[in-house]
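Engineer: The primary structure of each chain is shown beneath.
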Amino acid sequence: MDNAQARIDMAPLPGMRELRRRSNLVQQFVRFLSLNWTMYRLAKHHG
Amino acid sequence: MARVVILGAGVSGHTAALFLKRRLGRNHEVVMVSPNSNWNWIPSNIWVGVGKMSPDKVVFPLAPIYRRKKIVFRQANAVALRPNGDADSPRGAVDVVYTDPKRAGKTERIRYDYLINATGPRLNFEATPGLGPDAGHTVSVCTPSHAVDAAKHLATVIETLKTGRRQTLVIGVGHGTCTCEGAAFEYAFNVEHELRAAGVRERAEVIYLTNEHELGDFGVGGMTFSQGDHRITSEAWMESLFRERKMKAITQAAVTKIEPGLIHYRQIDGTDNAQPFDFAMLLPPFRGVNLEAFDRDGTDITDSIFAPSGFMRVDANYEAKPFDQWTAQDWPRTYQTPLHHNVFGIGIAFAPPHAISRPYATPDGVLVAPAPPRTGMPSGSMGKAVAMTISDMILHGSPEPTHTASMGEMAAACIASTGTGMLSGTAAAMSMSPIVPDHSRHPDTAGRDPQETTGDIGLAAHWVKRMLHTLFIYKAKAYPLWYLIPE
Ligand SMILES: Cc1cc2nc3c(=O)[nH]c(=O)nc-3n(C[C@H](O)[C@H](O)[C@H](O)COP(=O)(O)OP(=O)(O)OC[C@H]3O[C@@H](n4cnc5c(N)ncnc54)[C@H](O)[C@@H]3O)c2cc1C
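Which chain is which? The protein sequence lines are A and B, in order. For the first sequence, our numbering assigns the number 6 to the initial residue and increments by one for each residue that follows. For the second sequence, our numbering assigns the number 1154 to the initial residue and increments by one for each residue that follows.
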């Protein structure tokens, strides 16, 4: 049975801290560097 | 001098062409056969589809690049393969029909020493009555012109919302066997983002309609992400995101028919439902591109080279067996065809041995079974691996393929945009390793390496997605040091 909507309605919402993290420029810049590094590593390692 | 013919200047074929020419140099010929004059960076079509990127930013003409790189370009559709040659010669050949304005409709038989089939998908809108922008009632973002059309429809919906009327927007997949759910997901969230930016979100209902068994499946059986020291399923992750963005979802659905303003779909439990809409973007299922194959005497050998889906059979294990017996080792490694060792099939054009997500069907047999995605990163890796193999065969006489790129071993990174904007954008960055779960190597972590299967949402992922747009177009244009940019 498709209970996706019921599960969405019960899903936890991100807290204020998480929402701030997602848009904080400093934290996101650090994340940007780390995401690039992760992707480069994956592509080099597995490509 | 050897001649390598590549069919299809998309992600995989164009990558293969550039690497082949780089390795083979002037002494050998690389010929590209592809029907469109332009190259398209398909992942950015979703931004064209919400009016946030102009179509000329996602395409560029191929001819000048190929001229500069000394790759022969035939703007044509391949229609038939003759892997054993014809009455005149045992050398393999491919029949093409020109599409460029000067020679439109003219045919040619091009001989080859090596052939790469990288023809990608045929967008099979006909599989569902009423699906698609040409003969149906829905829009698409699969091509730049489809995306431009989608953006126009979306702008009309936004204008209507501004008058105070309510609108229902349905975004997802238009058949039970579709793939590319990730693209539909991205478009749904980009539309939601634009509705908010236009100040009309409250009057719009945005519904994601999918054949996935649960949210976050993406045709790869879902993922379990490591986030710091805890683990979360892609299903839970997506449910939270849907709630946060007030999006509705219908899963386990096979769209069966579309009438103006009404989508009919059947769910796994056999129930028939109808969803009204004012705007619907539903992706089509994919098929192979209708290539035929003939033996020297003209006998039709299409069935020995292509699977019933029209995709090319390669070095995979196509034995029919129950889902629980499918393994990562069934997946192809070299993309060489079993009957013709100088023919390869890569990207979306190769026939996958089986689904990655568990397939389901309704009680009356309608399949609700996401087909396995073959996204940009693995498609590019296959192009490179096959280019290396063929150049080793030509330059060093290697009897066997020397390079591999199995989806049962390869990792993939996927950045799913959830809204564009340098300061307001977000995206979900996901990585998984391997793409096809390998339960023998990772028995306790759903077949994937927990260190390399990660998920994160934020502005940084949007920056990465935007950067990849620029980087991959730079690479596809073969600008200096292009080959240093990984697939
Ligand atoms: C809307 C959308 C968004 C996407 N977003 C992402 C994303 O964010 N990330 C990601 O990794 N992947 C994404 N994908 C998937 C990605 O586009 C594919 O993985 C990739 O394009 C596959 O490469 P390919 O070379 O197999 O096929 P394609 O890139 O489709 O290339 C096939 C080529 O073959 C040509 N051709 C067709 N018929 C013939 C013929 N008869 N003879 C000769 N040539 C022919 C076509 O014109 C085309 O040039 C997205 C797909 C869609 C539809």
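These aren't lab readings, by the way, just hints derived from the structure by calculation. The model shown is predicted, which means the values in this text are computed figures rather than measured ones. Warning: the hint list may mix true and false statements.
[As the list claims (entries may be wrong)] Computed cross-link-like contacts, SDA-like style, restricted to lysine to any residue with a CA-CA straight-line distance of at most 20 Å:
(1) 49/A x 1555/B
(2) 49/A x 1622/B
(3) 1399/B x 49/A
[Said to hold, decoys possible] So, partial list: chain A residues that the calculated Cβ filter (under 10 Å) puts toward chain B:
(4) 26
(5) 40
(6) 41
(7) 44
Yeah, the Cβ is synthetic: ideal placement off N, Cα and C, and Gly gets one too.
Engineer: Could you tell me which of the hints above the structure violates, numbers in ascending order?
Structural biologist: 3
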